Amino acid sequence: MAAPLKEKQSNKASTSSSSSNSRTTTAPPPREPYPWRRALFGCLVVFLCWGIGIHREYPDAVNTRFKTAQHWVFSRIWTVLSGHNNERLLPFRETLWAQVHGNVLELGPGYADALTLLKRPTSHYVALEPNMYLHPTLAENARKNGFAVHYDPDTSPAGDTMKKPPQGGVPVLAIVNGTLDAAIPQYVADHAPYDYVITSLVLCSVDSVQANLDAIQALLKPGGKYVFIEHVHHTDEEDLTLDADSAKEGGMDVARWKLVQSVVSRFLWPFTGNCHFDRDTGIMLKAMDGWSSVDFKTSRLARTVESKMTPLIYGTATKKL
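When you read off a place in the sequence shown, starting at 1, and then add 34, the result is the number in the numbering used here.
Hints are computed from structural coordinates only; laboratory data are not their basis.
Each hint should be verified, as a subset may be incorrect.
With a straight-line cut-off of 30 Å between C-alpha atoms, the simulated DSSO-like cross-links for lysine-lysine are [unchecked claim]:
| # | residue 1 | residue 2 |
| --- | --- | --- |
| 1 | LYS320 | LYS354 |
| 2 | LYS331 | LYS342 |
| 3 | LYS342 | LYS292 |
| 4 | LYS342 | LYS354 |
| 5 | LYS320 | LYS255 |
| 6 | LYS255 | LYS178 |
| 7 | LYS292 | LYS354 |
| 8 | LYS101 | LYS354 |
| 9 | LYS292 | LYS255 |
| 10 | LYS342 | LYS255 |
Here are the computed distance ranges between Cβ atoms for each label pair [stated by the list, open to error]:
| # | residue 1 | residue 2 | range |
| --- | --- | --- | --- |
| 11 | LYS354 | THR113 | 36 to 46 Å |
| 12 | ALA252 | ASP329 | 18 to 28 Å |
| 13 | LYS153 | PRO187 | 52 to 62 Å |
Being a predicted model, the structure only gives us computed values, none of them experimental.
Every residue gets a Cβ at the ideal spot worked out from N, C-alpha and C, and that includes glycine.
With the hints as extra help, turn the sequences into a complete structure.
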């Protein structure tokens with residue numbers, strides 16, 4: 035009896051072993067994780083191709099929408115950066131803006147914070163600002179500084195808000211929505227020539243620096259002045275236009291930072307209102323005919339990343355009589 039019992043137990047053990055082996059071998063393989071990366075990459079490729087197709091079909095509409103979105107993003111950034119920008123430019127503006135008077139055109143005034151620095155009377159002030167999201171604060175600051183605000187009805191979404199001229203000799207500040215890139219807006223041309231054209235950190239973000247400089251010169255009266263503060267591409271180590279503070283400080287690898295400016299400009303401009311760090315504005319100004327003088331200094335300080343990335347030129351260019 036013992037032998038058959040052992041045989042039965044052996045058969046049971048072998049049967050259970052074979053069944054467990056069969057269960058092990060027949061179990062389905064583990065499921066692979068969903069390929070999220072490949073799916074996301076595929077969606078991006080499809081979206082990119084769709085965007086290229088839409089742009090080819092409706093280039094003007096797409097460019098307009100992109101520019102509007104770019105202006106909205108920049109307006110949000112500018113609410114944070116404008117105060118710091120005013121502090122940085124104040125030492126240069128205080129001297130340069132004190133001479134401005136008469137019939138004035140300012141390109142890209144932003145919030146028009148620098149109106150407080152005007153020391154001489156202005157008969158008419160044209161604020162050519164392409165970012166409509168900045169217009170409300172611009173108008174508010176203009177009124178605080180004693181201007182009657184007028185919107186150009188041909189370009190501004192707000193339309194003509196001044197039905198009759200102001201009384202009592204109050205100067206008018208006209209807000210024109212546009213640039214000098216493609217063509218001079220009609221309102222700007224109608225009120226030329228100007229005694230002064232002023233810009234501060236504007237030509238870094240235009241489509242064509244040369245087109246803007248040509249238009250500025252054309253809009254000035256003979257003997258009129260272009261007053262500017264612009265950040266530019268680094269020039270040479272021995273820049274003869276360096277101001278006293280910059281020449282004294284030194285301590286910067288100009289060639290390296292010049293390369294950084296060129297590289298960063300290729301990628302950052304969509305998020306900074308079309309701002310470029312590699313504009314040779316000073317060199318282009320000096321190369322132009324039609325100026326009786328071009329006088330500027332360069333502020334090139336090695337204190338912060340910002341000052342290394344954005345050396346400033348500041349001065350005046352006077353149109354020939």
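Decide if the proposed pair is consistent with the structure: LYS292 and LYS255, CA atoms, cutoff 30 Å inclusive. At roughly 36 Å apart (the allowed maximum being 30 Å), LYS255 and LYS292 break the hint.
Quickly compare the C-alpha distance for LYS101 and LYS354 to 30 Å and report which way the hint goes. 36 Å, violated
Just to be sure I understand the hint, the distance between the Cβ atoms of ALA252 and ASP329 should be within 18 to 28 Å; is that true here? 21 Å, holds
Verify the CB-CB distance for LYS153 and PRO187 against the hinted window 52 to 62 Å. 31 Å, violated
Going straight from one Cα to the other, do LYS292 and LYS354 come out at no more than 30 Å? 33 Å, violated
Holds or violated: LYS342 with LYS255, Cα cutoff 30 Å? Since the Cα atoms of LYS342 and LYS255 sit roughly 36 Å apart, the hinted pair is violated (cutoff 30 Å).
If you draw a straight line from the CA of LYS342 to the CA of LYS292, is it 30 Å or shorter? 9 Å, holds
Looking only at beta-carbon atoms, does the pair LYS354, THR113 fall within the given range of 36 to 46 Å? 41 Å, holds
Regarding the pair LYS320 and LYS255, is the alpha-carbon distance no greater than 30 Å? 19 Å, holds
Just to be careful, I want the Cα atoms of LYS255 and LYS178 compared with a cutoff of 30 Å; is the pair within it? 29 Å, holds
Within 30 Å, alpha carbon to alpha carbon, are LYS342 and LYS354? Roughly 34 Å separates the two Cα atoms, so the pair is violated.
Has the given pair, LYS320 with LYS354, been kept, meaning a C-alpha gap of at most 30 Å? OK: LYS320 and LYS354 at ~14 Å, within 30 Å.
Consistency note: the structure conflicts with the earlier hints numbered 4, 7, 8, 9, 10, 13.
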